[in-house]
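Peer 1: Below are the chains, spelled out letter by letter.
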Amino acid sequence: MIQDYHITPFEDTTEKLLHYIEQNHLPAHERLPAERTLCDMWGCSRATLRSAIQELTGRGVLYQRAGSGTYIQEPKLMFDLQNLDSLSGWARANGRTIASRVIRQRTVACSDRQAAVFGVEPGKELLELTRLRMLDGTPVMIETTLVNDAYGRLQGHDFSRESLYEVLKGYGAEVFSGAEKIRVTFAEEQEAKLLGVEKGTALFYLSGTVCDRQQRVIEMFQTVARPDKVRYSSRLKRRWETG
Amino acid sequence: MKDHNVPIYLRLREEIRAKIEAEEYPPGTAIPSENALADHYGVNRLTVRSAIDTLVKEGLLKRVQGKGVFVLGEKLEQNLYSLDGFSKTIRSKNRTPRIKVLVKSLRPAGERYAAIFGIRPEDPVFYIKRICHAEDVPVSLEEIFIPEYILPWLGGIDLAVFSIYETYEFFGVTLKEAFQTLDLAYLKKKDARALDLDPSLPVFLFECTSRDEEDRVIEYTRTYSREDRCEYTVRFCRNGEENEC
Numbered sequence: 001m002i003q004d005y006h007i008t009p010f011e012d013t014t015e016k017l018l019h020y021i022e023q024n025h026l027p028a029h030e031r032l033p034a035e036r037t038l039c040d041m042w043g044c045s046r047a048t049l050r051s052a053i054q055e056l057t058g059r060g061v062l063y064q065r066a067g068s069g070t071y072i073q074e075p076k077l078m079f080d081l082q083n084l085d086s087l088s089g090w091a092r093a094n095g096r097t098i099a100s101r102v103i104r105q106r107t108v109a110c111s112d113r114q115a116a117v118f119g120v121e122p123g124k125e126l127l128e129l130t131r132l133r134m135l136d137g138t139p140v141m142i143e144t145t146l147v148n149d150a151y152g153r154l155q156g157h158d159f160s161r162e163s164l165y166e167v168l169k170g171y172g173a174e175v176f177s178g179a180e181k182i183r184v185t186f187a188e189e190q191e192a193k194l195l196g197v198e199k200g201t202a203l204f205y206l207s208g209t210v211c212d213r214q215q216r217v218i219e220m221f222q223t224v225a226r227p228d229k230v231r232y233s234s235r236l237k238r239r240w241e242t243g
Numbered sequence: 001m002k003d004h005n006v007p008i009y010l011r012l013r014e015e016i017r018a019k020i021e022a023e024e025y026p027p028g029t030a031i032p033s034e035n036a037l038a039d040h041y042g043v044n045r046l047t048v049r050s051a052i053d054t055l056v057k058e059g060l061l062k063r064v065q066g067k068g069v070f071v072l073g074e075k076l077e078q079n080l081y082s083l084d085g086f087s088k089t090i091r092s093k094n095r096t097p098r099i100k101v102l103v104k105s106l107r108p109a110g111e112r113y114a115a116i117f118g119i120r121p122e123d124p125v126f127y128i129k130r131i132c133h134a135e136d137v138p139v140s141l142e143e144i145f146i147p148e149y150i151l152p153w154l155g156g157i158d159l160a161v162f163s164i165y166e167t168y169e170f171f172g173v174t175l176k177e178a179f180q181t182l183d184l185a186y187l188k189k190k191d192a193r194a195l196d197l198d199p200s201l202p203v204f205l206f207e208c209t210s211r212d213e214e215d216r217v218i219e220y221t222r223t224y225s226r227e228d229r230c231e232y233t234v235r236f237c238r239n240g241e242e243n244e245c
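These protein sequence lines are chains A and B, in that order.
For the first sequence, our numbering begins at 1 and goes up steadily by one.
For the second sequence, our numbering begins at 1 and goes up steadily by one.
So here's chain B without its partners, still in its complex pose (with noise of 0.2 angstroms):
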């Protein structure tokens, strides 16, 4: 028994997702305009331009001015289960990443660095701010916190050729694993503007804590990446039995 009143309202945008993932809509062409679309699923012109509003929100689809509504190409995907890093990552996809670094500082702990590094509040640890292009494309805006005890010549190295994963090698830390949440945020017009992101768009925002083969805190991060620019994949498996995924 196939249900044809299904209310079109709520799948629209899920039907034109559904075309452009299986590239029946491929990238670079043009969807049927409103008014097609409008006729094909029997619904109203606003509930056409809604569905499309928000993919283009989602970075799925461009609006052209006087031309239509455009297919856009792949996100950037990344995997929410190991620990490569952004230039890795990039290159792994045969794309340039390209490191803008903002602030590169030393800074007293505080009380809250302190208690997640397990250091004084006096001691001191690298502050880093940095936005991630793959080519020349923004799309991540990360901010770092390392004790300086971890990596003490950080400061001799450019992060712009060298990556933080790589800087760790050259001075024997082992990173081991990391614990990642992921929220949703906005950013400050400031930061937004440095991502050439509109702030009323919302980015992900992941916070990382890593930790090294001796188990100590070396690293944390918070990580902004445009939400139009970007997707996570990740396995899971029953009980996280992570061995047999």
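Bound conformation, chain A alone (with noise of 0.2 angstroms):
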């Protein structure tokens, strides 16, 4: 049974304005044309427009600037899930900066629980970092990681200017593949304030595993991120049952 649907003038205007901010491909803090021009080019009222409006400003399309326009939101960092090296070569293409602050950086004594993950004895040291990453300047994420660090050299370096994978690479413990789980959680007062959000803001929750090429775990990590400057992508294929 087919119903009968009219698409709403709201919605027909809002999925013109995204069309027409992507057909343009207008840049970032481009201002959006007067009010009154839109509305003429698609015969809307002013306050569907403006409904519109306000709709990608929620989505993190569009900013407002009180007594002076509209304008185009910078794109969010695009994160592929699939892809451990994404981050930097993600930079790289689009032309945006990324920076690292070491927010701690100590060694801990393994528990019993991270013991069973790594495969190690318990109370064995492991390097824990924080580090908060910043694009163009903006914080967007805090990453928390554990680390084995089966050689006891990982505490002299710098890992504001060091990768860490690199680092790893040099002891001979090469990143190879990994797990995580996505959820989500609200901003504690301290992660709020690294963050520059509210307390309280919702944010992305990845938590998992990167192993070597022998499936041992190497690292294990959460990371807290901003929705309104990171957004992830993954590629889906069909599972074909077999037999």
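These are calculated hints, taken from the structure and not from any lab test.
Glycine included, every Cβ here is placed at the ideal spot set by N, Cα and C.
Among the clues, some could well be false.
Here are the simulated lysine-lysine pairs, BS3-like style, with alpha carbons at most 30 angstroms apart [unchecked claim]:
(1) Lys62/B with Lys237/A
(2) Lys57/B with Lys181/A
(3) Lys62/B with Lys188/B
(4) Lys76/A with Lys188/B
(5) Lys188/B with Lys57/B
(6) Lys19/B with Lys181/A
Not close to chain A: a few residues of chain B, all C-beta gaps over 12 angstroms, as computed [unchecked claim]:
(7) Ile31
(8) Glu34
(9) Lys62
(10) Lys67
(11) Ala115
(12) Gly118
(13) Pro121
(14) Ile131
(15) His133
(16) Asp136
(17) Leu154
(18) Gln180
(19) Arg193
(20) Thr233
(21) Val234
Where chain B lies over chain A, by a calculated footprint (3+ residues, C-beta under 8 angstroms) [stated by the list, open to error]:
(22) 18 to 29
(23) 35 to 43
(24) 76 to 84
(25) 132 to 143
(26) 230 to 236
Could you use the hints to bring the two separately framed chains together as a complex?
Peer 2: Okay, here's the thing in structure tokens:
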């Protein structure tokens, strides 16, 4: 059964506005044309256009400055979930800069639970590293990682400059694959301060493990990321049943 | 050297989460009282309450008036690398999918969807809006766009009985792959109500573009899933070498 369904003026205008921005490749911080111009172009009312602008502001496509108009928001950082190297590659390809600030770097003793994951004795030393990642100077995510410091040498490195994976590779621990879970959490006070958001703001919460080619766990991590600055992507394939 | 001077502050949420995951706090049982946790970790009660509030919003804990804070069961886990569709995913967990179709209609593509599907703006597309339940629990709201030329007979298919993926198979459309982005969003009040969700809570928003073996874009879907009931898994590889993952 097919229902009669009419697109509301709001839905229609939202689609047109989004299409206009996408089709014209409007760059970040470009100002939208005057409301009247857009209303004339699409034959919609001011009120409808404003709700569409509101909707796209909520989706992080536009931002508004009081008394000055509506602008195109910077594109979010697109993070390919299936590729460990995606962050630096994405930044290079899009002319953006990613910088890291080390919030905490210390040695911790492995708990029973962590020992089971890493396959080591409880109490063994692990490197715990918390880094704040910044996109063009704006804080976007906090990454906390626990690394099996097999050679006891990691503490001497400056991870605001060096890539953790490159350093590990130098010690013969080459990251190869991993698995993670994606959930939502809400910023606690300290996270809020570091990320420059309000306490209680919804954040992406990713946690998982990274292994070497022999499936030994090298790293356990958890990341919180700002959803207004970061978007994740993945490719899905059809799984064929065999037999 | 074990550092005991960690700001427990930030870590309390993670300590409680870890105990839930390790089933030191098993599903269905109450966690220790706020006072007991505050004493144990040497923090004030407000800090404990804040951590618990967060885990309640995450759907890991539930406050029961006058009885305490209880651990909820597992969330619905879905993966982000295989194209299974909602119904198949739910059945694979031995639960029954239930689909409630809110809107099933034909509309002109309009400029935006014309560009996505490579058709003309006046060409018709199906627009389907539906709520997906696992058993009786609403978990996601989907808005599905499919050009009419891909599935001309879709109008006659009861989507409460057959999944969209089954429908593709009926009509010889072979879904090959999809590209998906994930954001957080907030639903409008009416849509939140349909999901039995507090509209101040965010939802996962997936935007998914699917292609068939002839490389035609056959479907564009927005899925809004309840963050307190769903979690997603993904496997990844160096340089995205997917075959070896």
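Peer 1: All the hints need checking, so say for each whether the structure fits it.
Peer 2: Evaluation of the provided hints:
For the hint linking Lys62/B to Lys237/A, the alpha-carbon distance of about 36 angstroms lies beyond 30 angstroms, and the restraint is violated. With a C-alpha separation of about 17 angstroms, the suggested pair Lys57/B and Lys181/A falls inside the 30 angstroms cut-off, and the hint holds. Of the supplied pair hints, the one linking Lys62/B and Lys188/B holds, its CA atoms being roughly 25 angstroms apart against a limit of 30 angstroms. Restraint check for Lys76/A and Lys188/B: the C-alpha separation of about 23 angstroms stays at or below 30 angstroms, so the hint holds.
As the CA atoms of Lys188/B and Lys57/B are separated by approximately 18 angstroms, the hinted pair is consistent with the 30 angstroms bound. Taking the CA atoms of Lys19/B and Lys181/A, the gap is near 17 angstroms; set against the 30 angstroms cutoff, the hint holds. Every C-beta of chain A lies more than 12 angstroms from that of Ile31/B, the closest at about 17 angstroms, which supports listing it as non-interface. For Glu34/B, the non-interface assignment is confirmed: its Cβ lies about 16 angstroms from the closest Cβ of chain A, beyond the 12 angstroms cut-off.
Every C-beta of chain A lies more than 12 angstroms from that of Lys62/B, the closest at about 16 angstroms, which supports listing it as non-interface. Against chain A, the non-interface label of Lys67/B holds: every CB pair exceeds 12 angstroms, the least being about 24 angstroms. Chain A draws Ala115/B into its interface by the beta-carbon criterion, the shortest separation being 7 angstroms against a cut-off of 12 angstroms. In this structure Gly118/B is separated from chain A by more than 12 angstroms, as the shortest Cβ-Cβ distance comes to about 14 angstroms.
Non-interface call for Pro121/B relative to chain A: violated, since the shortest CB-CB distance, roughly 10 angstroms, does not exceed 12 angstroms. Against the 12 angstroms criterion, Ile131/B stays outside the reach of chain A, whose nearest CB is about 16 angstroms from its own CB. Non-interface status of His133/B relative to chain A is upheld: no Cβ of that chain comes within 12 angstroms, the nearest being about 20 angstroms off. No Cβ of chain A approaches the Cβ of Asp136/B within 12 angstroms, the least distance being about 23 angstroms, so the stated non-interface status holds.
In this structure Leu154/B is not separated from chain A by more than 12 angstroms, as the shortest Cβ-Cβ distance comes to only about 9 angstroms. Annotated as non-interface, Gln180/B brings its C-beta within 12 angstroms of a C-beta of chain A; the closest such distance is 5 angstroms. With a closest Cβ-Cβ approach of about 18 angstroms to chain A, Arg193/B is found to remain outside the 12 angstroms limit, as its non-interface label requires. Taking the minimum C-beta to C-beta distance to chain A, about 5 angstroms, the non-interface status of Thr233/B is violated against the 12 angstroms cut.
Not every CB of chain A is more than 12 angstroms from the CB of Val234/B (nearest about 5 angstroms), against its label as outside the interface. With 4 residues bearing a CB less than 8 angstroms from a CB of chain B, the stretch 18 to 29 of chain A meets the requirement of three and the coverage assertion stands. For the stretch 35 to 43 of chain A, the stated coverage by chain B is not satisfied: 0 residues place a CB nearer than 8 angstroms to a CB of that chain, which falls below the threshold of 3. Remark: the stretch 76 to 84 of chain A is confirmed as covered by chain B, as 7 of its residues place a Cβ nearer than 8 angstroms to a Cβ of that chain, reaching the required three.
Interface restraint, the stretch 132 to 143 of chain A with chain B: violated (0 residues with C-beta to C-beta distance below 8 angstroms; minimum three). With 6 residues bearing a CB less than 8 angstroms from a CB of chain B, the stretch 230 to 236 of chain A meets the requirement of three and the coverage assertion stands.
Hint compliance for this structure: hints 1, 11, 13, 17, 18, 20, 21, 23, 25 are broken, all remaining hints hold.
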